[in-house]
Amino acid sequence: MFNLIIRGLATGSIYSLTAVGIVLILSTTNVMNFAQGDTGMFLTYIAFFFIVRGLTPSLALPLVIVAAAILGYLVYKGLISRAKESSYMGMMIITLGLTMIFEGTVSTFFGNIPLLFPPLVPGDPVRFGSVILDRQDILCLVTALVVFVILSFVLYRTKIGIAARSIADDEYAARVLGIPIDRVHSFIWATSFGLAGLAGIMTAPRLSLHPLFMVVVQLKAFTAAVLGGMNSVTGAIWGGLILGVMENLVAYYVPAIKESFSLFLIVAILLFLPNGLFGSREAGRS
Amino acid sequence: MLRVIDLTTGYGPVEVLHEVNLDFEDANIVTVLGANGAGKSTLIRTVSGILKPWKGSILFGDNEISHMDTSQIAKLGIAHVPEGRHIFPNLTVKENLLLGGYFRTDDENKETLDHVLELFPLLKERIGQKGGNLSGGEQQMLAIGRGLMAKPRLLLLDEPSLGLAPILVSEIFETVKRLAQHEKVQVLLVEQNARKALDISDIGYVMVLGRVVLSGTSDELSKNPEVRKLYLGGQNV
Numbered sequence: 001m002f003n004l005i006i007r008g009l010a011t012g013s014i015y016s017l018t019a020v021g022i023v024l025i026l027s028t029t030n031v032m033n034f035a036q037g038d039t040g041m042f043l044t045y046i047a048f049f050f051i052v053r054g055l056t057p058s059l060a061l062p063l064v065i066v067a068a069a070i071l072g073y074l075v076y077k078g079l080i081s082r083a084k085e086s087s088y089m090g091m092m093i094i095t096l097g098l099t100m101i102f103e104g105t106v107s108t109f110f111g112n113i114p115l116l117f118p119p120l121v122p123g124d125p126v127r128f129g130s131v132i133l134d135r136q137d138i139l140c141l142v143t144a145l146v147v148f149v150i151l152s153f154v155l156y157r158t159k160i161g162i163a164a165r166s167i168a169d170d171e172y173a174a175r176v177l178g179i180p181i182d183r184v185h186s187f188i189w190a191t192s193f194g195l196a197g198l199a200g201i202m203t204a205p206r207l208s209l210h211p212l213f214m215v216v217v218q219l220k221a222f223t224a225a226v227l228g229g230m231n232s233v234t235g236a237i238w239g240g241l242i243l244g245v246m247e248n249l250v251a252y253y254v255p256a257i258k259e260s261f262s263l264f265l266i267v268a269i270l271l272f273l274p275n276g277l278f279g280s281r282e283a284g285r286s
Numbered sequence: 001m002l003r004v005i006d007l008t009t010g011y012g013p014v015e016v017l018h019e020v021n022l023d024f025e026d027a028n029i030v031t032v033l034g035a036n037g038a039g040k041s042t043l044i045r046t047v048s049g050i051l052k053p054w055k056g057s058i059l060f061g062d063n064e065i066s067h068m069d070t071s072q073i074a075k076l077g078i079a080h081v082p083e084g085r086h087i088f089p090n091l092t093v094k095e096n097l098l099l100g101g102y103f104r105t106d107d108e109n110k111e112t113l114d115h116v117l118e119l120f121p122l123l124k125e126r127i128g129q130k131g132g133n134l135s136g137g138e139q140q141m142l143a144i145g146r147g148l149m150a151k152p153r154l155l156l157l158d159e160p161s162l163g164l165a166p167i168l169v170s171e172i173f174e175t176v177k178r179l180a181q182h183e184k185v186q187v188l189l190v191e192q193n194a195r196k197a198l199d200i201s202d203i204g205y206v207m208v209l210g211r212v213v214l215s216g217t218s219d220e221l222s223k224n225p226e227v228r229k230l231y232l233g234g235q236n237v
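Chains A and B, in that order, give the protein sequences.
The numbering of the first sequence is my numbering, which starts it at 1 and goes up by one.
The numbering of the second sequence is my numbering, which starts it at 1 and goes up by one.
No lab work stands behind these hints, which were simulated from the structure alone.
Heads up, a few of these hints could be off.
Here are the simulated PhoX-like pairs of lysine-lysine, each with C-alpha atoms no more than 25 Å apart in a straight line [said to hold, decoys possible]:
{"id": "1", "chain 1": "B", "residue 1": "K151", "chain 2": "B", "residue 2": "K94"}
{"id": "2", "chain 1": "A", "residue 1": "K159", "chain 2": "B", "residue 2": "K151"}
{"id": "3", "chain 1": "B", "residue 1": "K75", "chain 2": "A", "residue 2": "K159"}
{"id": "4", "chain 1": "B", "residue 1": "K151", "chain 2": "A", "residue 2": "K77"}
{"id": "5", "chain 1": "B", "residue 1": "K124", "chain 2": "B", "residue 2": "K110"}
{"id": "6", "chain 1": "B", "residue 1": "K130", "chain 2": "A", "residue 2": "K159"}
{"id": "7", "chain 1": "B", "residue 1": "K110", "chain 2": "A", "residue 2": "K84"}
{"id": "8", "chain 1": "A", "residue 1": "K159", "chain 2": "B", "residue 2": "K223"}
To spell it out: a stretch of chain A is covered by chain B in this simulated footprint if at least three of its residues, at any positions, have a beta carbon under 8 Å from a beta carbon of chain B; those stretches are [said to hold, decoys possible]:
{"id": "9", "stretch": "16-22"}
{"id": "10", "stretch": "178-185"}
{"id": "11", "stretch": "254-266"}
In this text, all values refer to a predicted model and were calculated from it rather than measured experimentally.
Positions of the beta carbon are idealized from the N, C-alpha and C atoms, including for glycine.
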């Protein structure tokens, strides 16, 4: 039981990482980023390309994050910021287009056959008393923890982070104050894509590399974001972790509904708890 | 300090301001009066760079600011306190204030923050609370305080009395008057509450349907029969 929970947390931390990326972009730029999962997939394939040619797998991790952040910046500057004036729908369709570009590019160059991605940290599972954990799971948990600490520092203690939260609150007011909205948006897209890359490369060794391997994660992350209230980063983190654990328990005790569980959950949350666990409408009066 | 020359602008295809001219050098508080839809807020939004002019120019000191973006204009010393307050409800009072000085250094902000909290001791008590939990009057104080965090030379105040109880309105106006006298900041005030606005201001402009139809010192305007009839409740002269 305890083992199931810890392993669920490890899976959940990947959902959290992806969900946080989705929520960051949604709350500041008002775009539902459908490409969050596939961005990770795309960059993981690129990392795979170099690993096959001799790059150390553990080194791929930081490189993917940086490459993903640059990609996020370019996507924002080159596509999103140009579509911003016209409509929210346009930006959303761009992210859908990105998933097609990423999936198409990858299946053209690597084919559709599942590939085996090497573990980032090789070695036997580790025992903690009755709990047995893959090194990969430990890496997920530790990385997620580090990322969340850094992220909350950035969002609550740095100027650009506070500015990002202010834009999520009231973009017009932020503009009135002369906050450089475009710069903050670029920063958020770079950060979110960085998280996407991280989630991709942490998922790949647990599943196998395939052009659609992050689609499931994207769906789970979306569930996690809904569970967390859609506009709250804290909510997305907890939503991901809770979902990971619940899913693992369900898979063990009621294997029949393992796959459909998260879909049931979305429907249930939207029906009975539309603000999620941590979501807020505007606090108080206005 | 601010000169607006033949300013024409609007939203989409609709022209709202038609060749508006303002020019004030020494006045501490300048009021723009006008009914709903006269273009007062549009004027303020264009000065602070949220709206781009179609024609005409805006000079602040020696700088032509009509084609700068909001960040550049804010850096030059124009702070905009928007209509409806627009404080950040989920951010703390302190975060709200610090964002007002976004482009200034941390040291500068720390100093200005202390000063602003001295001016608004009420905000000091509430420094860690979320902006959304403040009352309407407190939120207006916060919005003004946030504007002052930019150390502006010109403060644009859009309808500060909107939606506030009369006693709070007087308090806000007192505050504005005090600021203009002691803080070396010029105030461009847009108000529907004409009487109170004229009471504290030095000069005023009257706008009707996107045009400035009348201007003068506040005393002149208060005595003008047209103004009395239309904006000051129509008592007999």
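Q: Please work out if K151/B and K94/B have their alpha carbons no farther apart than 25 Å.
A: holds (16 Å)
(Q) Please verify whether K130/B and K159/A have alpha carbons no more than 25 Å apart. (A) holds (17 Å)
Q.
With the threshold set at 25 Å, check whether the alpha-carbon distance from K75/B to K159/A stays at or below it.
A. OK: K75/B and K159/A at ~16 Å, within 25 Å.
Q | Agreement of K159/A and K151/B with the hint, judged by alpha carbon distance not exceeding 25 Å | A | Given that 25 Å is the threshold and the Cα spacing comes to 18 Å, the pair holds.
**Q.** Given pair status - K110/B, K124/B, alpha carbons within 25 Å
**A.** The given pair, whose Cα atoms are some 14 Å apart, holds under the 25 Å limit.
(Q) Checking one constraint from the list: CA of K151/B to CA of K77/A, max 25 Å. Satisfied? (A) violated (32 Å)
Q: Can you take a look at whether the stretch 254-266 of chain A is actually covered by chain B? Rule is 3+ residues, C-beta closer than 8 Å.
A: Violated - the stretch 254-266 of chain A has 0 residues with a Cβ nearer than 8 Å to chain B, which falls short of three.
Q.
Tell me whether the statement that chain B covers the stretch 16-22 of chain A is true, taking a Cβ distance below 8 Å and needing three residues at minimum.
A. violated (count 0)
Q) Within 25 Å, alpha carbon to alpha carbon, are K159/A and K223/B? A) violated (49 Å)
(Q) When I compare C-beta atoms, does the stretch 178-185 of chain A have three or more residues closer than 8 Å to chain B? (A) n = 3 at 8 Å, threshold three: holds.
Q: Decide if the proposed pair is consistent with the structure: K110/B and K84/A, CA atoms, cutoff 25 Å inclusive.
A: It is violated: about 35 Å lies between the C-alpha atoms, which goes past 25 Å.
Checked against the numbered hints above, the structure violates hints 4, 7, 8, 9 and 11; every other hint is satisfied.
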